[in-house]
Amino acid sequence: MVIITKFLEFRTKGENDIKNITEDVRNALNETNLENGIILVFAVGATGAITTIEYENGLLNDFISALTRIAPKDIAYEHGKRRNDDNGRSHVKSSLLKPDLNVPFKAKNLILGTWQQIIFVELDTRPRERKIVVQIMGE
Amino acid sequence: MVIITKFLEFRTKGENDIKNITEDVRNALNETNLENGIILVFAVGATGAITTIEYENGLLNDFISALTRIAPKDIAYEHGKRRNDDNGRSHVKSSLLKPDLNVPFKAKNLILGTWQQIIFVELDTRPRERKIVVQIMGE
Amino acid sequence: MVIITKFLEFRTKGENDIKNITEDVRNALNETNLENGIILVFAVGATGAITTIEYENGLLNDFISALTRIAPKDIAYEHGKRRNDDNGRSHVKSSLLKPDLNVPFKAKNLILGTWQQIIFVELDTRPRERKIVVQIMGE
Numbered sequence: 001m002v003i004i005t006k007f008l009e010f011r012t013k014g015e016n017d018i019k020n021i022t023e024d025v026r027n028a029l030n031e032t033n034l035e036n037g038i039i040l041v042f043a044v045g046a047t048g049a050i051t052t053i054e055y056e057n058g059l060l061n062d063f064i065s066a067l068t069r070i071a072p073k074d075i076a077y078e079h080g081k082r083r084n085d086d087n088g089r090s091h092v093k094s095s096l097l098k099p100d101l102n103v104p105f106k107a108k109n110l111i112l113g114t115w116q117q118i119i120f121v122e123l124d125t126r127p128r129e130r131k132i133v134v135q136i137m138g139e
Numbered sequence: 001m002v003i004i005t006k007f008l009e010f011r012t013k014g015e016n017d018i019k020n021i022t023e024d025v026r027n028a029l030n031e032t033n034l035e036n037g038i039i040l041v042f043a044v045g046a047t048g049a050i051t052t053i054e055y056e057n058g059l060l061n062d063f064i065s066a067l068t069r070i071a072p073k074d075i076a077y078e079h080g081k082r083r084n085d086d087n088g089r090s091h092v093k094s095s096l097l098k099p100d101l102n103v104p105f106k107a108k109n110l111i112l113g114t115w116q117q118i119i120f121v122e123l124d125t126r127p128r129e130r131k132i133v134v135q136i137m138g139e
Numbered sequence: 001m002v003i004i005t006k007f008l009e010f011r012t013k014g015e016n017d018i019k020n021i022t023e024d025v026r027n028a029l030n031e032t033n034l035e036n037g038i039i040l041v042f043a044v045g046a047t048g049a050i051t052t053i054e055y056e057n058g059l060l061n062d063f064i065s066a067l068t069r070i071a072p073k074d075i076a077y078e079h080g081k082r083r084n085d086d087n088g089r090s091h092v093k094s095s096l097l098k099p100d101l102n103v104p105f106k107a108k109n110l111i112l113g114t115w116q117q118i119i120f121v122e123l124d125t126r127p128r129e130r131k132i133v134v135q136i137m138g139e
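Residue numbers (the numbering used here), protein chains in the order written: chain B, 1 to 139; chain G, 1 to 139; chain V, 1 to 139.
Warning: the hint list may mix true and false statements.
[As the list claims (entries may be wrong)] In silico lysine to aspartate or glutamate, EDC-like type, Cα no more than 16 Å apart, as pairs:
1) G:K81 - B:E56
2) B:K6 - V:E35
3) V:K6 - G:E56
The set of hints was computed from the structure by calculation and includes no laboratory data.
The structure displayed is predicted, hence computed values, not measured ones.
Whole structure, please, built from the sequences with the hints as guidance.
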């Protein structure tokens, strides 16, 4: 059993930019010789999140709409009032979705459904430089 | 430290069928000789999810009602329009809940609260054959 | 690779008491000699949850407001009817947020954003004695 820590780094376009990082995670795994184990994908920062989705434009919009129902743009946030920040809703959605996802792998392959891709969800209101931890534990 | 990968397979009855898989996960652990570690429970596919709940019928209905408030049945989904699929809401709820759950174990026992069971939530609109990964890392 | 299981125990003030447990998790890590790995933070019980947030009072209120939109206080819950419990909403929010969070560490440091703290969210309607598992896997 070993642990290998890698990082993905990229720039987002701002609010609701959803990046398909499945290939990046798969490449990180392929760079190791590990056969079986768990990959922790973790978004550093308080206004992003990691989850899975069928990466199809209509559905990405549906997902964003659901998040917006939970934390609408046009209501007052106390976070905004105190800090003059406009990203209260970004933080709320990030805390609901959470920054972590664990994906199992076996025989050197990620175990994912055919339509199940790993995504980073940019929830902040402005473009951001993002760092994602890809920590691979296995043998 | 070793990693052991097992799978649960079962058929669901379709939308909002919630399976209590706690005993299946416990059995998978008991088939190993591992004493301490982490079990990753991971739902393969983009229209299901894993979480914990007190497995009581009234509460299962309450949980489904909350999910329905986030992703109602009677609104338009772009996913549906483009693919002629009726399961846009299923995908949205799956991405919100996420497919993964990690449960610790110690002295060969899952560490769970008395009323805390592990569940698979079927969110798709039709009965499905489901495969759940139970990946046990420990010593 | 080793696994070390620790527990945090504390009393909460009841519904919506949000505890910043980042330092407790960091201290648990510092008590080991592990350099790289994953920490599973897991809330035992069916009416609490673990996630991350910028621990700032305004934002904590915003987060609670969003949870309340998903599972309002003033609607009927079937859980409540059958058991004469008043905490149907607590269970629903706990199942949505889930009890687990994985945080990576490298060179003996938690990998977290500057404003990203680890929190336990008390969702139950009364003060509770809480036990949180901090399971550290690493080398």
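Given hint V:E35 paired with B:K6 - CA-CA distance at most 16 Å | 15 Å, holds
Would you check the hint for V:K6 and G:E56, treating anything up to 16 Å between C-alpha atoms as holding?
-> With a Cα-Cα distance of about 30 Å, the restraint between V:K6 and G:E56 is violated, given a limit of 16 Å.
Is G:K81 within 16 Å of B:E56, Cα to Cα?
-> 12 Å, holds
The structure shown violates just one earlier hint, number 3.
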